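Student: Okay, here's what each chain looks like letter by letter:
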Amino acid sequence: MDERLERALEFANYRITLSNQKRNIRTRMQILQTLHYSKGSFLADPITIGFVSALLSVGKTKGVIVDTKDNPIMIEDLDDFRANLIEKYSEASNEYKIQIDKVNKSRNIKKLMDW
Amino acid sequence: MAEESKGVCIIAYNNNQLDYISFASLCAVYVKLHMKTNNVALITDTGTAEWMETSVPKNIQEACFDQMIIQDVQHESNPRKHLDSPWTEFKAQFSNKNKNNVFRISPYDKTLLIDSDYFIMNDFYDYIFDTDISLGLHRDAVYLQGQPPYLNEIQLNEGGIHHWWSTAVYFNKNQTEAEIFFDIWSHVKDNWDYYALLYQFAPALFRTDFCVSIACHMLNGLNNDSFVHDFNGVPLLNMDQKDDVVEVKDLQDWILLSHDRKEPWKNVLTRLEKTNLHVMNKRAISRHKDSLWKHIGKVLNV
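Listed in order, the protein sequences are those of chains A and B. At position 2 of the first sequence (counting the first as 1) the number is 2 in this note's numbering, and the numbers step up by one without a gap. At position 112 of the second sequence (counting the first as 1) the number is 112 in this note's numbering, and the numbers step up by one without a gap.
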């Protein structure tokens, strides 16, 4: 096979593998972002954190938040809830960064697999 | 009220092709290492238990299982076609007809039943033991490159009810709904041909996934309601029987080969870290058994 074609195919294969790796990492990040609190299930994302912060900023200390399953959940301590959301979000995003940095540095399939 | 007991159950019945007890031992260690609720009970029969005595060292058995429950059942013939990559095919007995008895047999109030080919590599399932949820199963699944399941793994037939997975079933014995679920499962099993006709699926192979799908459909009010907990919509990750394991780099770091369904000679390397994995290619587990035990040995000093 022509060397240029071989290199092009090798690069295409690398990109397929890389995009699959990134998708797996993103999926894992979404699972890590799930917070179980007061028998509800919440996504620790900027929107939820921002909304809870808005409630706190207008003086609310407790309130009903609709969880990811559309269940209304009474949160007795919004401050503690926000702290938990932020912790979950930080944990997930830090892990996400470590993993994405690792794959971005790997410029071929062998490096992606640590071979 | 006394605190509810919690734990994981694994069922393993060997056949002349597949050493399910060795898979179950590995999966039990994965539970021990990666979950906080990590009591593990093995449900097996006398023959398999005797084989374990000779094939699995005592200290490993003790590291894997907290309890062993012997249930000798008459396994009716249920031959299943297995694949090992797209190119190798074999048939083996599929002894799954007493899986529904776990509700009665499980020593735990709150139980997570997992298949003996389901490798738990993180603490995802721990949350459920601290909830009031009566019943939980995976409603959806994906394969290694994010491919959707095959049609009969999405719906029982083309216009049929949704397919649910019996690979990981959580239940709380103290809740009536869980008992009803297992009663329906048992009823479907006992009237398999009738339900195959009613729900329009091929009756040749008895599949517990179909039993739980019918039970979930009924418990969800004969529609797609959300009474049955679906593990927050997180899909089960399946490694196809046509996929393979290339290398186990570490206990939570596996390199796999994902085949292309249209052009099965093409494969994509996939690396998974800290991700729960349903390894459907059983022979792939057998091929990497020694490597897995080597890694486990380093962590557990056994």
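Rather than coming from a laboratory, the hints here were simulated on the basis of the structure. It should be emphasised that the depicted structure is a prediction, and the values quoted were computed from it without experimental measurement. All residues carry an ideal CB built from backbone N, CA and C; glycine is no exception. Among the clues, some could well be false.
Pairs of lysine-lysine, DSS-like flavour, derived with a Cα cap of 27 Å [what the hints assert, rightly or not]:
#, chain 1, residue 1, chain 2, residue 2
1, B, K294, A, K110
2, B, K294, B, K274
3, B, K266, B, K91
4, A, K111, B, K91
5, A, K110, B, K266
One-sided and incomplete, this derived list gives chain A residues near chain B with beta-carbon spacing under 10 Å [to be verified]:
#, residue
6, T27
7, V58
8, S93
9, W115
Student: For which of the previously enumerated hints does the structure constitute a violation, in increasing order of number?
Tutor: 4, 7 and 8
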